[in-house]
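Given chain L, work out where chain Z should sit, using these hints.
Residues per chain are reported as follows:
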Amino acid sequence: MRYIFKFPDIGEGLEEGTIVEWHVEKGQNVKMGDSLVTMETDKVVTAIPSPKDGIIAAKFGKVGETIHVGSALVEIDIAGIEGEAAITEASKSEAVEEEGAGVVGTLEVAGNSAVLSASKEGVESSSILTEKPAKVLATPVARALAKESGVDINVVKGSGPAGRVTKEDIIRFISTSSQMGSSPAQTDSKGKSHQQNIEIEPLSQIRKTIAKNMIQSKHNAAHMTVFEEVEISELERVRKKYKDKFSQEGIKLTYLAFIIKATASSLKKFRALNTEMDMERGNMIYKKYYNIGIAIDTPKGLVVPVIRDADKLSVKDIATEIQTLSDKARDGKLTLDDMKDGTFTITSYGSIGGLFAVPVINYPQAGILGIGRIDKKPVVKGDQVVPGMVLPLSLSVDHRIADGGETARFINSIMYYLEDPVSLIME
Amino acid sequence: MFKEYNPINNKEFQILDHKGKVVAKEMMPPIKDDELLKAYKEMLFARTADLQIVSYQRQGRIYTYPPNYGQEAISGAVGALIKDSDWLVPAFREMGAMLAKGVTLKELFLYFMGYEDGSKFSKAKKTLPISVPIASQLLHAAGLGYAIKYNKEKDLVYAFVGDGGTSEGDFHEAVNFAGVWKVPVIFIIQNNQYGISTPTRMQTASDNLAVKAIAYGVKGIKVDGNDYFAMYKAIQESIKVCEAGEGPVLIEAVTYRKGAHTTSDDPTKYRTKEEEEQWDLKDPLKRLKSYLIAKKIWSDKEEEKVIEQYKVEVDRQFLEAENYGPYPKEDIFKYMYAEMPDDLKDQEREYERFMEWKAARAK
Numbered sequence: 001m002r003y004i005f006k007f008p009d010i011g012e013g014l015e016e017g018t019i020v021e022w023h024v025e026k027g028q029n030v031k032m033g034d035s036l037v038t039m040e041t042d043k044v045v046t047a048i049p050s051p052k053d054g055i056i057a058a059k060f061g062k063v064g065e066t067i068h069v070g071s072a073l074v075e076i077d078i079a080g081i082e083g084e085a086a087i088t089e090a091s092k093s094e095a096v097e098e099e100g101a102g103v104v105g106t107l108e109v110a111g112n113s114a115v116l117s118a119s120k121e122g123v124e125s126s127s128i129l130t131e132k133p134a135k136v137l138a139t140p141v142a143r144a145l146a147k148e149s150g151v152d153i154n155v156v157k158g159s160g161p162a163g164r165v166t167k168e169d170i171i172r173f174i175s176t177s178s179q180m181g182s183s184p185a186q187t188d189s190k191g192k193s194h195q196q197n198i199e200i201e202p203l204s205q206i207r208k209t210i211a212k213n214m215i216q217s218k219h220n221a222a223h224m225t226v227f228e229e230v231e232i233s234e235l236e237r238v239r240k241k242y243k244d245k246f247s248q249e250g251i252k253l254t255y256l257a258f259i260i261k262a263t264a265s266s267l268k269k270f271r272a273l274n275t276e277m278d279m280e281r282g283n284m285i286y287k288k289y290y291n292i293g294i295a296i297d298t299p300k301g302l303v304v305p306v307i308r309d310a311d312k313l314s315v316k317d318i319a320t321e322i323q324t325l326s327d328k329a330r331d332g333k334l335t336l337d338d339m340k341d342g343t344f345t346i347t348s349y350g351s352i353g354g355l356f357a358v359p360v361i362n363y364p365q366a367g368i369l370g371i372g373r374i375d376k377k378p379v380v381k382g383d384q385v386v387p388g389m390v391l392p393l394s395l396s397v398d399h400r401i402a403d404g405g406e407t408a409r410f411i412n413s414i415m416y417y418l419e420d421p422v423s424l425i426m427e
Numbered sequence: 428m429f430k431e432y433n434p435i436n437n438k439e440f441q442i443l444d445h446k447g448k449v450v451a452k453e454m455m456p457p458i459k460d461d462e463l464l465k466a467y468k469e470m471l472f473a474r475t476a477d478l479q480i481v482s483y484q485r486q487g488r489i490y491t492y493p494p495n496y497g498q499e500a501i502s503g504a505v506g507a508l509i510k511d512s513d514w515l516v517p518a519f520r521e522m523g524a525m526l527a528k529g530v531t532l533k534e535l536f537l538y539f540m541g542y543e544d545g546s547k548f549s550k551a552k553k554t555l556p557i558s559v560p561i562a563s564q565l566l567h568a569a570g571l572g573y574a575i576k577y578n579k580e581k582d583l584v585y586a587f588v589g590d591g592g593t594s595e596g597d598f599h600e601a602v603n604f605a606g607v608w609k610v611p612v613i614f615i616i617q618n619n620q621y622g623i624s625t626p627t628r629m630q631t632a633s634d635n636l637a638v639k640a641i642a643y644g645v646k647g648i649k650v651d652g653n654d655y656f657a658m659y660k661a662i663q664e665s666i667k668v669c670e671a672g673e674g675p676v677l678i679e680a681v682t683y684r685k686g687a688h689t690t691s692d693d694p695t696k697y698r699t700k701e702e703e704e705q706w707d708l709k710d711p712l713k714r715l716k717s718y719l720i721a722k723k724i725w726s727d728k729e730e731e732k733v734i735e736q737y738k739v740e741v742d743r744q745f746l747e748a749e750n751y752g753p754y755p756k757e758d759i760f761k762y763m764y765a766e767m768p769d770d771l772k773d774q775e776r777e778y779e780r781f782m783e784w785k786a787a788r789a790k
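Respectively, the protein sequence lines represent chains L and Z. Using my numbering, the letters of the first sequence map in sequence onto residues 1 to 427. Using my numbering, the letters of the second sequence map in sequence onto residues 428 to 790.
One chain only, chain Z, in its complex shape:
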């Protein structure tokens, strides 16, 4: 498959077309109906939560949030295939994959409310926290991969980055290192067409992002990231490559960020309505839904029903997070260094004085 879809030819791997029709039957991964339905529902849950979070932010109840809207199939496919013993190394737009690993919505809410505990996952094993510094997480992923190989373990690392992240030095260092040491890492570029407002054509002079794999001497493939089946199959094949000791793999998942970069961004300033409408036709959930309905295992009615249930559940976990209690001062200062350096001690004192002043003022 990696030969057929050599990224130098700029061919995009697709199984389910934009209308929800199977166009590459021979590539179709064998997924049982109940598994497929489960995956679809998980993506639907992630989308419901995502839309609600933007609303909470507009209500002033959480801080800045980067929406996942439109990119659910990528996280969905990873979520279906990742094992408990595999590492998940997210950027910040992989809600579905994090939920699949066992991270709770409440924990994600705490993160976006500024709690340190939002990165302390009670159930999810081998999951790194959200990483906002672009592409820095890829180095951690390469290191984790190296450790797995060094310890002669069988596990894998799934690492995420955006299209903008591929222009970072960290991206180069991580993929290069992973290639040299043949470590079991699946690097997934979520190419959602914009790095904040920078379109992909301004991001690289290459024909696509997967082609960068060639220079690192690793396998790469450009996949329709809004096609759940194509993503599933591409990851399955990547797992085989890594298990054979031939990793890493670089997957470019072509998708579209239907929402804003973050809640502080206004995409109407840099993209057209026509473009948004064009991509709306390729929406990952709409496509899979058409397929499921055609297969008579899903209906609009069922969808409406579960969305209502999901909304209630999202609100429930949000209220739990909202009532989490005050933010301990230690969370800000104590945990980075074994022994606090002087400048941090100064900052802590300054903060204490500020809180005293604030308390006095409130009287």
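Excised from the complex, chain L in its bound form:
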């Protein structure tokens, strides 16, 4: 006897969740209450326990995949339960299906096209059910999305039960209208529309957060960027000298560790760059701690863990910390504590590619330092052209907070430390 366990609405009106981790394998015995899978939802990240004793017959979905509320999560073989009990189970699984496994109530779940397919019956019955409603029927998520995207929800054709407009309808409406509104380039030579040749994926939680933060920064901060090149042959020599020694201790000594140290030391001298502006209360908040965020590229998206009190740490400590945080980021194990309370951010895209970029400030911080690709280049020393190691820097600041002079003095200080790394331990 097979029981299909569907992803329940565990948070009052959820539409979907993302699989974070599976805790069971196919063929594994489970008891009621055992963790099956960890799901990330808009509300919580939580383990989903098994509602049955039995053997896992199938798992639906890989890590990272989105599962809609009411869609199958696992199939459990509950062969042990026979006879009358099995019949009850069968009728129950039937009942669960009907209710869309929702924990918000039948009416709410019925409004979710993810649970009930966009069936004809639903649309037809709308003529019976709705007597010219003053307000179009829609799920709250769809309303919010329509408002956000500037779509008039009243003109969107609903595909849900009783003609209810769903999130998917809005997404479809936006993509269709943008295609209709643009040039024939959207259609191929035969005049056939590309409409079918797209893939629509719901935004992940992390992507939503990134989008929100980026817009907030661009909207609130007055971005200004200064570019510099610094010659770091001496730093390269120092790094080479200690690199192997450190690697024996399992520590990877990167340029970034020195740059973080140089930045923290410079922030201490130029306090305007380690601040936050509170326009509402009319205050500048000067921070007396130096927590440097480092932007890390992960398959799921950008994350910015924080190296705490970087001014008090040695280059070696910083290198160790970078490694710990990068490992955690890669394994998706960063916690909220790892990512909060940053006062300044460094993004080192150069290790992947790019000479100069204009980084977006990690709002409400006052600045962000961008590290470009280090190249061997001809440089002029005295009157001689000699080979040098050139590191490109881009410093974006919030021009409301930092004036041009202060910004230039700050980047000069960073360059000073990087040109002459011994100075990092002299002060």
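No lab work stands behind these hints, which were simulated from the structure alone. The beta-carbon is built from N, C-alpha and C at its ideal position, and this holds for glycine as well. One or more hints might be untrue.
Unchecked claim - Here are the simulated BS3-like cross-link-like pairs (lysine-lysine), alpha carbons at most 30 Å apart as the crow flies:
#, chain 1, residue 1, chain 2, residue 2
1, Z, Lys696, L, Lys300
2, L, Lys316, Z, Lys700
3, Z, Lys696, L, Lys287
4, Z, Lys581, Z, Lys553
5, L, Lys208, Z, Lys700
6, L, Lys328, Z, Lys696
7, Z, Lys700, L, Lys300
8, Z, Lys510, Z, Lys533
9, Z, Lys468, L, Lys147
10, Z, Lys510, L, Lys208
11, Z, Lys468, L, Lys31
12, L, Lys252, L, Lys269
13, Z, Lys700, L, Lys288
14, Z, Lys685, L, Lys31
15, Z, Lys700, L, Lys43
16, L, Lys59, Z, Lys738
Claimed, not checked - Have a look at the derived ranges for each label pair, beta carbon to beta carbon:
#, chain 1, residue 1, chain 2, residue 2, range
17, Z, Glu703, L, Ile352, 36 to 42 Å
18, L, Glu427, Z, Met428, 56 to 62 Å
19, Z, Glu670, L, Met279, 53 to 59 Å
20, L, Leu302, Z, Lys452, 57 to 63 Å
21, Z, Glu703, L, Asp152, 42 to 48 Å
22, L, Asn29, Z, Glu670, 55 to 61 Å
23, Z, Lys728, L, Lys62, 39 to 45 Å
24, Z, Met767, L, Asn220, 50 to 56 Å
25, Z, Glu670, L, Asp34, 47 to 53 Å
26, L, Thr209, Z, Met428, 38 to 44 Å
27, L, Met279, Z, Gly752, 58 to 64 Å
The following block gives chain Z in isolation, referenced to the frame of chain L:
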């Protein structure tokens, strides 16, 4: 005691410290070993059930649930002292006190499954249903207290509210009214540090919540709510005050919600792991357990054994609730008004049409 612990001095009443050692022997209430063990087991049962309910919710088998985890000593002490003839006026995080009054787990399950019958208690007398609208229940409590006094009865009212509830107008009205009429109500604020995500320091500018009693002219005390003995003693003293016609009393029970606000909440978004670990050391059950083990009347082995029994019992009552049968339509519409108003009639018709549509669709 109320003089010594005048809340204006912000002193917290404690008998058993965080390590399970008695620090105020002279205040220790005389509780017999078997009574104490019974109370501990009841708290353990409530905790076992609480943890299991969160699991049921994650399985999609009940709706939203507010966990009690970490706050058991407050309900436990009330449960030990409340009489059948006293009124219990819960908010929604007082499982232990409700069970002590005779409410069954099955009834609580029915409530969280959406059944109206979950508020119809077969055995528990003088127990109001769970109240989700914050602090509204305190007005009912004040009214019950007034009725007791009016009828010249001897009973008491135990009324619960959270820290967030103290910012509601209802809280002010209820405690003020109770103070003016000197009614026998023990108001218990479960200060679990957060009103959903709002920390107590953002909830009030007062040093503590018990201090609000002073303005209402009633007795107040701030108690370590994770200390069973302190809670027991504070309630005992409050009973005396009420019996002498000097009530009401306002008790602030300082505790910590170890779980989420409800199953829809993620506390990691507003509090740190360090903070949780700090409070974990003050866990009410761990403390009492250390005390009981030191007294050689309890052991880990016994605890493991009873927890296993409790789990079976919780599951049993849950399955009973799960097989309760379909939800009668009348439960939703019929019971609020003697005669149904038109808008409710409209809603009922709409619901009937929806069910017809659903039935047709299933064919």
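Against the structure, the hints come out as follows:
1. At most 30 Å may separate the alpha-carbon atoms for a hinted pair to count; Z/Lys696 and L/Lys300 meet this at roughly 20 Å.
2. At roughly 27 Å between alpha-carbon atoms, L/Lys316 and Z/Lys700 fall within 30 Å of each other, so this suggested pair holds.
3. For the suggested pair Z/Lys696 and L/Lys287, the alpha carbons sit about 23 Å apart, so the restraint of at most 30 Å is met.
4. A threshold of 30 Å between alpha carbons decides the hint, and for Z/Lys581 with Z/Lys553 the separation of about 14 Å falls inside it, so the pair holds.
5. At roughly 25 Å between alpha-carbon atoms, L/Lys208 and Z/Lys700 fall within 30 Å of each other, so this suggested pair holds.
6. Pair hint L/Lys328 plus Z/Lys696 holds up; C-alpha atoms about 19 Å apart against a cutoff of 30 Å.
7. For the suggested pair Z/Lys700 and L/Lys300, the alpha carbons sit about 25 Å apart, so the restraint of at most 30 Å is met.
8. Distance check on the hinted pair: Z/Lys510 and Z/Lys533 sit about 22 Å apart at the alpha-carbon level, within 30 Å; holds.
9. With a C-alpha separation of about 53 Å, the suggested pairing of Z/Lys468 with L/Lys147 is violated against the 30 Å cut-off.
10. Restraint check for Z/Lys510 and L/Lys208: not satisfied, since their Cα atoms lie roughly 54 Å apart, outside the 30 Å limit.
11. For the proposed pair Z/Lys468 and L/Lys31, the alpha carbon gap of about 26 Å is at most 30 Å, so the pair holds.
12. The straight-line distance between the Cα atoms of L/Lys252 and L/Lys269 is roughly 28 Å, inside the 30 Å bound, and the hint therefore holds.
13. Pair hint Z/Lys700 plus L/Lys288 holds up; C-alpha atoms about 24 Å apart against a cutoff of 30 Å.
14. Taken as a hint, the Z/Lys685 and L/Lys31 pair is honoured in the structure, with Cα atoms around 25 Å apart against an allowance of 30 Å.
15. A threshold of 30 Å between alpha carbons decides the hint, and for Z/Lys700 with L/Lys43 the separation of about 19 Å falls inside it, so the pair holds.
16. Distance hint between L/Lys59 and Z/Lys738 is fulfilled; the C-alpha atoms sit about 28 Å from each other, no more than 30 Å.
17. Between Z/Glu703 and L/Ile352 the CB atoms are about 37 Å apart, so this pair conforms to the stated range of 36 to 42 Å.
18. Between L/Glu427 and Z/Met428 the beta carbon distance is about 60 Å. The supplied range of 56 to 62 Å therefore holds.
19. A C-beta distance of roughly 58 Å is found between Z/Glu670 and L/Met279, which places it inside the suggested range of 53 to 59 Å.
20. Against the hinted window of 57 to 63 Å, the Cβ-Cβ separation of L/Leu302 and Z/Lys452 comes to about 59 Å, which satisfies the hint.
21. Separated by about 46 Å at the C-beta atoms, Z/Glu703 and L/Asp152 satisfy the suggested range of 42 to 48 Å.
22. Taking 55 to 61 Å as the suggested C-beta distance range, the pair L/Asn29 and Z/Glu670 conforms, at roughly 58 Å.
23. The supplied range of 39 to 45 Å is met by Z/Lys728 and L/Lys62, whose beta-carbon atoms lie about 43 Å from each other.
24. For the pair Z/Met767 and L/Asn220, the supplied restraint of 50 to 56 Å holds, since their beta-carbon distance comes to about 53 Å.
25. Separation of Z/Glu670 from L/Asp34 is about 51 Å and conforms to the stated range, judged on CB atoms against 47 to 53 Å.
26. Range check, L/Thr209 to Z/Met428: Cβ separation about 51 Å, and the 38 to 44 Å hint is violated.
27. The supplied range of 58 to 64 Å is met by L/Met279 and Z/Gly752, whose beta-carbon atoms lie about 59 Å from each other.
Hint compliance for this structure: hints 9, 10, 26 are not met, and every other hint is.
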